[in-house]
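**Student:** Order-wise, the sequence lines are chains A and B.
Numbering-wise (the working numbering), the first sequence opens with residue 3 and increments by one.
Numbering-wise (the working numbering), the second sequence opens with residue 1000 and increments by one.
No false leads were slipped in.
No more than 16 Å apart at the CA atoms, straight line, and that leaves these computed lysine to aspartate or glutamate pairs for EDC-like:
| no. | chain 1 | residue 1 | chain 2 | residue 2 |
| --- | --- | --- | --- | --- |
| 1 | A | K78 | B | E1137 |
| 2 | A | K78 | B | E1112 |
| 3 | A | K18 | B | E1123 |
| 4 | B | K1050 | B | E1029 |
| 5 | B | K1075 | A | E140 |
| 6 | A | K18 | B | D1098 |
| 7 | B | K1007 | A | E14 |
| 8 | B | K1037 | B | E1112 |
| 9 | A | K18 | B | D1143 |
| 10 | A | K123 | A | E140 |
| 11 | B | K1075 | A | D87 |
| 12 | B | K1120 | B | D1143 |
| 13 | A | K123 | B | D1048 |
| 14 | A | K78 | B | D1084 |
| 15 | A | K78 | B | D1086 |
| 16 | B | K1050 | A | D146 |
| 17 | B | K1107 | B | E1036 |
| 18 | B | K1120 | A | D52 |
| 19 | B | K1120 | B | E1137 |
| 20 | B | K1050 | B | D1027 |
| 21 | A | K41 | A | E107 |
| 22 | B | K1075 | A | E115 |
| 23 | B | K1050 | A | E126 |
FRET-style restraints, in silico, Cβ to Cβ:
| no. | chain 1 | residue 1 | chain 2 | residue 2 | range |
| --- | --- | --- | --- | --- | --- |
| 24 | B | T1142 | A | N89 | 36 to 44 Å |
| 25 | B | K1007 | A | R112 | 14 to 22 Å |
| 26 | A | V33 | B | T1079 | 29 to 37 Å |
| 27 | A | P74 | B | T1008 | 39 to 47 Å |
| 28 | A | K41 | B | P1073 | 25 to 33 Å |
| 29 | B | S1108 | A | P74 | 26 to 34 Å |
Calculated directly from the structure, the hints in this document are not laboratory data.
In this text the structure is predicted, and so the values were computed from the model without any measurement.
Using N, Cα and C, we set each Cβ at its ideal position, and we do this for glycine too.
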Amino acid sequence: MSDVQVDQKSNEMPPKEGISIAHFLTVSDVVRSAKYYEKVFGARILTMGDGNAPPYLQLANIWMILNVGGGPTPDKPTVTLSVPDPNHINSFMNFRVADIQACYELWKSRGAEFITPPIPKYGEIRCYIRDPDGYIIEVGQSTDQVYG
Amino acid sequence: MSLQIEQKTYEMPPREGLTVTHFITVADIERSARYYEKVFGGRILSLGDTKGASGHIQIANTWLIVNVGGGPTPDKPTVTLSVPDPDHISSFMNFRVADIQACYELWKSRGAEFITPPIPKYGEIRCYIRDPDGYIIEVGQSTDLTNG
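Hey, can you work out the whole structure from these sequences and the hints?
**Tutor:** Dropping the structure here:
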């Protein structure tokens, strides 16, 4: 499907060895979400799925898997998957960028809904996007290099 | 730290373009960092600080950013971050692996709590881990290569 090199180690999807990490999003409309991540951020749609198999996208160094929600399955008998409550969030994608002002202008021109323009905070400049299901996406540019 | 994908280099923080990371709200930054280090071989880059900086862990093709929860900030004035309700999940990390049985044995021996052993489902073999905050981590091995 696609491959990634990390420290001379190859990450593929599906992997021939080791682990390749994807970010799973429960969405209300897989086609809408796939087109959104393609149009706004330049993600590559690897497959739109087939009804059982979900869409896979590649975005920068990760893969995204999109699927609709649903009740428990035998391998997670107490868990329900649903789109998020937009104001009570646990985990999200954090986009680290080199030039936040350029990303802000470009992604906004492609239809991204930013909650605010970029704001300086804690050694970085930061802002958030709402995706079509209400997920937040953090966008941040480091202004100190302590994590380099 | 850098990684290469199709002749493109991803860095943290990036010198150009975009690097995608996964943020999770946790109860204890150090506990989570140690867990992802011990169980999955993540590399701890930072344990954060008392001023609010996040912990950073490099793992496979991505980075995991962990921090404690909190109320609204100026750049997301309606959003509260908290650890998840373990039975109502929206987004999660999906670890695609080459050998799920080997990962199951190894990660279990290192303290991972699997909800079930690997179970065949829809062209893959799949199981879920609960991390220390109750997040699910999907672990899956493709058995049909139409996604691949």
